[in-house]
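**Student:** Chain A is already provided as a structure; the job is to place chain B on it using the hints.
From first to last, the protein sequence lines are chains A and B.
First residue of the first sequence: 1, per full-length UniProt numbering; consecutive thereafter.
First residue of the second sequence: 1, per full-length UniProt numbering; consecutive thereafter.
Check before you lean on any hint, since a few could be wrong.
Stated by the list, open to error - Computed Cβ-Cβ distance ranges for the label pairs, DEER-style:
#1 Gly176/B x Ala123/A: 54 to 62 Å
#2 Asp246/A x Gly176/B: 47 to 55 Å
#3 Val330/B x Thr197/A: 39 to 47 Å
#4 Ala261/A x Thr30/B: 52 to 60 Å
What the hints assert, rightly or not - Only some residues are given here: those of chain B computed to face chain A with a beta carbon under 7 Å:
#5 Ala35
#6 Pro140
#7 Pro144
#8 Pro277
#9 Ser279
#10 Tyr305
#11 Val312
#12 Pro313
#13 Val322
#14 Lys424
Stated by the list, open to error - Covered, in the sense of this in silico footprint (three residues per stretch, anywhere, with C-beta under 8 Å from a C-beta of chain A), are these stretches of chain B:
#15 130-139
#16 167-178
#17 218-227
#18 237-250
#19 325-333
It should be emphasised that the hints constitute simulated quantities derived from the structure, not laboratory data.
Treat the numbers as computed from the prediction; the structure is a model and nothing was measured.
For every residue, glycine included, the Cβ atom is placed at its ideal position computed from N, Cα and C.
Here are the chains, one letter per residue:
There are 2 protein chains.
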Amino acid sequence: MSSASKPIGVAVLGMGNVGTEVVRILTESTGDLQARVGAPLELRGVAVRDINTARPSIPAELLTDDPAALVARDDVDIVIELIGGIEPPRTHIRTALQSGKSVVTANKALLADYTGELAAAAAEARVDLYFEAAVAGAIPVIRPLMQSLAGDTVQRVAGIVNGTTNFILSAMAETGADYAETLAEAGRLGYAEADPTADVEGYDAAAKAAILASIAFHSRVTAADVYREGISSITPADLASAAQLDCTIKLLSICERVVDADGAQRISARVYPALIPLSHPLATVNGVFNAVVVEAENAGRLMFYGQGAGGVPTASAVMGDVVMAARNRVYSGRGPLESTYASLPIAPIGSVPTRYYVAMEVADRPGVLAQVAGEFASRDIGIAVVRQEGAQDRARLVVVTHRAPDGALSETVAALEKMDAVTKISSVLRLEGTDD
Amino acid sequence: MSSASKPIGVAVLGMGNVGTEVVRILTESTGDLQARVGAPLELRGVAVRDINTARPSIPAELLTDDPAALVARDDVDIVIELIGGIEPPRTHIRTALQSGKSVVTANKALLADYTGELAAAAAEARVDLYFEAAVAGAIPVIRPLMQSLAGDTVQRVAGIVNGTTNFILSAMAETGADYAETLAEAGRLGYAEADPTADVEGYDAAAKAAILASIAFHSRVTAADVYREGISSITPADLASAAQLDCTIKLLSICERVVDADGAQRISARVYPALIPLSHPLATVNGVFNAVVVEAENAGRLMFYGQGAGGVPTASAVMGDVVMAARNRVYSGRGPLESTYASLPIAPIGSVPTRYYVAMEVADRPGVLAQVAGEFASRDIGIAVVRQEGAQDRARLVVVTHRAPDGALSETVAALEKMDAVTKISSVLRLEGTDD
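Looking at chain A on its own, in the form it has when it is part of the complex (with noise of 0.2 Å):
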């Protein structure tokens, strides 16, 4: 690479928050990217809605309101997807990748249903699709998982990749408010849209994970084979209960390779609440705070953690990403592009080893407790933890079992609830983060 090297021609799609920063990084940090990439990085137009929106930052001549135009122009190399949603940014990224650019995105959503088109679309034209930013903003998660990790096995991948809902679940534990007020106050503080339910209801966690679950065991894993529970239901008493275990509650995406009794490998990818003990990397990880924990064959347990959202520290996962493919065009190289060689099977969520924890309300009377741990039994599931608390006659009882399959645990909570002495199955929650 000589010092004279053309100039990398780079399209922002969306003015969002993310975009906003990455267009400030672009036209503050030239000589410092331009060094980092071996070319200068020239923005050659930034597509928004609306180009009548005053945006005092950008010259004028750079708006348009026509990406699929910003997209076909011969000196763009790089197209930046800040968009969001399915279309138009899957035909955007398409085409942009079909005519040889490269593309950085942080569409989670898009990702997670068509990273396969899109990365055989890159595959084909020999070009670079970077995603840095779709999982835990600022937090190196790809391409650790993709490079790093290239070596070895990755076991299991955890983690805390939504903002609003750790938001959420970290004042509940703390304020012991309840859950529709704490979602009205994340709103009130901009941690919640006015709209929250892919956030609540675990759809986001459940595009990361499928993003993760790919990657990490070579896979195709989409959206719709993530097992999804969201955080709606949760109440204090479930938070009093976890505190009481030495836990707390988190909405963990989880990706994991389990092995059939005959040694076969299938994928589990699942988000749900769960509790995890407060000796946990994880249980610390508080407000809008991410983090990942990777679990490899060699490299043993790995954590990262940071900022997972919001439009600055996004931004600087989209600049690297950006950095980088620009520097693979001058160097005329090629980073690594999804790849699905082991083709795993996907687990039934009712063959996944999990725990539970069930809290119900029950009659105050001799047997009952007998009969309940009876359903347990019957089943094969052991029990680490009863907890009874007499209330006139009434008695809150909190079970927590080991591991034993999914579906034999959620059989024994529907046959407790057909129970007579069971008033009321308060909470079936999962527990995670522990070796037994």
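**Tutor:** Okay, now just chain B, sitting in the frame of chain A:
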């Protein structure tokens, strides 16, 4: 890439803890490695000191005691250097790079002083020089700094990157035992070498700081540029004082961008045992675990945590590099090399703002505290905490300062040492990880 890509030949130099595990992975994981590289990885030979030592896991014909001949073979594409020390590794690596072979090494001592020379040879030959395993074992640190943060501005890297000293300090904090006793115990458990100087005097941590600072700040930093103090003078009294201040003591490798009053940027790279608040993320990193905290302008604070040493975890990092180097050969690409375009000068330790913890024995009589405080005040150094515990006619006085130039702080300590009322300066340590 077609599935018929020709094999990539690999040579391993050195069969210590790490080399043995690298050879095992190369031999056991051929299918996965081939799928990830896009071509088979073939082990051409392993250079050992004595080919007659029994090594049942390696076919005898692969062993050689002539590393130079192995490096020179035409069918070797990647050389994995795991001998350690400056020579002969320096010569072998240079020769390999000059003849167009990619190199993966875990040799921090060599890299701390010769990365420039070796990176130049790699750039000239358009091949890779990877060294993720040189810092913090299995924990991805080099790749995140070089690639993930390529579009950001790193302000600070602070880490616990030496397992031996972290084991000793963690054990001293836990048991109250003294340094000599704990070092002996570390030796018995295999966590300290027969000659522990490189670890306990901070040379190993300083080499890693030089590597981290070079990459983080795109500048040339060698081991000699790193200010260094070891842990051998840490006493149980220091750890007890630290605990009273809600702190613990860790050996830190700190690489910081410091800005002069006139706005000029310099690099401070330093290794010393320091008090850090118990609430700091590095405070809970115990035993042989390592962790690195990176603070960047846009990404904010990131933390990387995992196993920093040991043959198996370190081999994971080596193999990640091997797969990426091999993949680059299949796809004619190249990873980024060290870059020193920023060429920031080194800040002398005296100019770097730090905070001091000073423990001293003083005469227990009126006026002594005023006299001691006067020495700090005369150099414009604010005092944050004073603790005095009387004991007959003598008292133990602990002073924690606010941030001030290290030179002014050490001058103050020298002045205190000369005071009649100060019987003895028991301990001088720095305090890190606070915002003020």
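**Student:** List, from low to high, the hint numbers that the structure doesn't satisfy.
**Tutor:** 2, 4, 8, 9, 14, 16, 17, 18
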